[in-house]
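**Student:** The task is simple: from the sequences and hints, build the whole structure.
The listed protein sequences derive, respectively, from chains Y and B.
Letter by letter, the first sequence follows residues 1 to 262 of my numbering.
Letter by letter, the second sequence follows residues 1 to 217 of my numbering.
It cannot be assumed that every hint is accurate.
Listed below are several chain B residues computed to face chain Y (Cβ distance under 7 Å; list not exhaustive) [said to hold, decoys possible]:
1) Ser113
2) Gly117
3) Met127
4) Ser128
5) Val136
6) Pro139
Quick partial rundown of chain Y residues pointing at chain B, CB under 7 Å, derived from the structure [stated by the list, open to error]:
7) Asn74
8) Arg77
9) His88
10) Phe90
11) Pro102
12) Thr104
13) Ile240
Pairwise CB distance ranges (calculated) [to be verified]:
14) B/Leu214 / Y/Ser166: 43 to 49 Å
15) Y/Arg107 / B/Gln210: 45 to 51 Å
16) Y/Glu186 / B/Pro148: 47 to 53 Å
17) Y/Glu56 / B/Leu55: 51 to 57 Å
I should point out that these hints are in silico values taken from the structure, not numbers from a laboratory.
C-beta atoms are modelled at their ideal positions from N, C-alpha and C, and glycine is treated no differently.
Spelled out, the chains give:
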Amino acid sequence: MVSIRGASRRFSGGHYGVRGITLDVERGETLVIMGPSGSGKSTLLRCVNGLETLDEGEIIIDGIHVNHETTDWNKVREEVGMVFQGFHLFPNRTALENLTLPQTVVRRRPAGEAKAVAKGLLDRVGLGGKESRFPAELSGGEKQRVAIARALAMNPKIMLFDEPTSALDPEMILEVLEVMRDLAREGMTMLVVTHEIGFAREVAQRAVFLDEGLLVEAGTALDLIDRPETARCRAFMQRILRRPGAGGESVGPGGASENRWT
Amino acid sequence: MYTWHWEQIPQYFPLIGAATLRTLQISVVSIVLGSFLGAVAGLMRVQPLRPVRFLAASYVELLRNIPLMLVLYLIYFGLGAFFPVSPFWAAVIGLSVFEGAYVAEIVRAGIESVDRGQMEAARSLGMSWFQSMRHVIVPQAVRRSLPPLTGQFVSLVKDSSLASLVSYEELMLVGRQINSRIFSPFEVFLTIGAIYFVICLTLSLLSRWQEARLARP
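**Tutor:** So, in structure tokens, the structure goes:
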């Protein structure tokens, strides 16, 4: 579904965002991308929908090569949804309007149909009844769920999540992760940058670990988290598992449902 | 000792009234044209193509660094040497081109004040650059730009007094004509000042009302 081949992105000053990364994501698969800050996780994700352009290598999405000069990024982005750490909802529009605007502008759906789709999706992420709220009137967790619904309104084939819970208060992380889990179970292809170990263990099939722009280790999510092979990945996992509330040591896969996400 | 002759003023009311209308006329037309020019130049300054950005930046810097009077003279006497330019059009073109440069800066600042994430979110949803601007960025920018824009429009109304220099018979010129007949500078110019004041204050109040109307959470 997504095939990244030798992808490199250099930033001004010559340092790399990502260096020669190759990886494949199958249809319906959830891939978790981990790594310390500045390791190129976000850059890699942003390359997939063209918010960053590749300097070398190529990315193939659903059979379409997207690194070429002639790529119609607007078309690609219609198929690839993205959820940001900072939500980026349109502050001057209600939750419902946040979902209807891209549908009417990009998909050219009639207003009535767009509204019906939007209502259905807001219901699905547990926000039925809050359609007419403005982003400023929603909690962080609610905002992120609106953002997910907004991306889904475009019927993407692939969803990118860039640290979707990192800007949230702890008590709101769960509600967002649950929406993401449901989405993964319904067969969405997902690339998720996150440090939520519980989520990675339960939902992701595979995980990759990046450091300094390089793909250091790749494997099943469970292996990468519990049995990292490289020293760098092991050190990183130990650090984030020791984080207060990480719950990494005590809660295994499918463990106590109370805090399996945290 | 200055002797007041307020009784001299009322006879000129019809003249002053007509001049007020002309001041309003060039102001309104210039505000519309200047805003359009400024919006175009402002958008040109934030779009991705470098040569286009350079073109807009040159316009802005050139116009902001020369006196308005000079712009008016260039149009009225300069262009006027090649084909007839009426005082009305000289004033309107001069004011629009001049104020457009300032509006462009306000528009640019407004757009740049909108969080970068808004553009990224819009683009990631498949909107083109233009669609993102039109539906996401500009509506937010306009709201923030309203106070400085009003200031600019008020400036324009006052700057329109310079149209007197290209012999357009607006308030300032008519004021000077009346004063040269009755030699009562305070009475004449205070009257005219009061008219400018009322026009500009009305503009400010209108914008404050519009701002309150747009102030959704």
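**Student:** Next, verify each hint and record whether it holds.
**Tutor:** Hint check results:
no.: 1; hint: Ser113; result: violated, 13 Å
no.: 2; hint: Gly117; result: holds, 4 Å
no.: 3; hint: Met127; result: holds, 6 Å
no.: 4; hint: Ser128; result: holds, 5 Å
no.: 5; hint: Val136; result: holds, 6 Å
no.: 6; hint: Pro139; result: holds, 6 Å
no.: 7; hint: Asn74; result: holds, 5 Å
no.: 8; hint: Arg77; result: holds, 4 Å
no.: 9; hint: His88; result: holds, 4 Å
no.: 10; hint: Phe90; result: holds, 6 Å
no.: 11; hint: Pro102; result: holds, 4 Å
no.: 12; hint: Thr104; result: violated, 9 Å
no.: 13; hint: Ile240; result: violated, 26 Å
no.: 14; hint: B/Leu214 / Y/Ser166: 43 to 49 Å; result: violated, 32 Å
no.: 15; hint: Y/Arg107 / B/Gln210: 45 to 51 Å; result: violated, 32 Å
no.: 16; hint: Y/Glu186 / B/Pro148: 47 to 53 Å; result: holds, 48 Å
no.: 17; hint: Y/Glu56 / B/Leu55: 51 to 57 Å; result: violated, 33 Å
Violation of the numbered hints given earlier is confined to hints 1, 12, 13, 14, 15 and 17; the remaining hints are satisfied by the structure.
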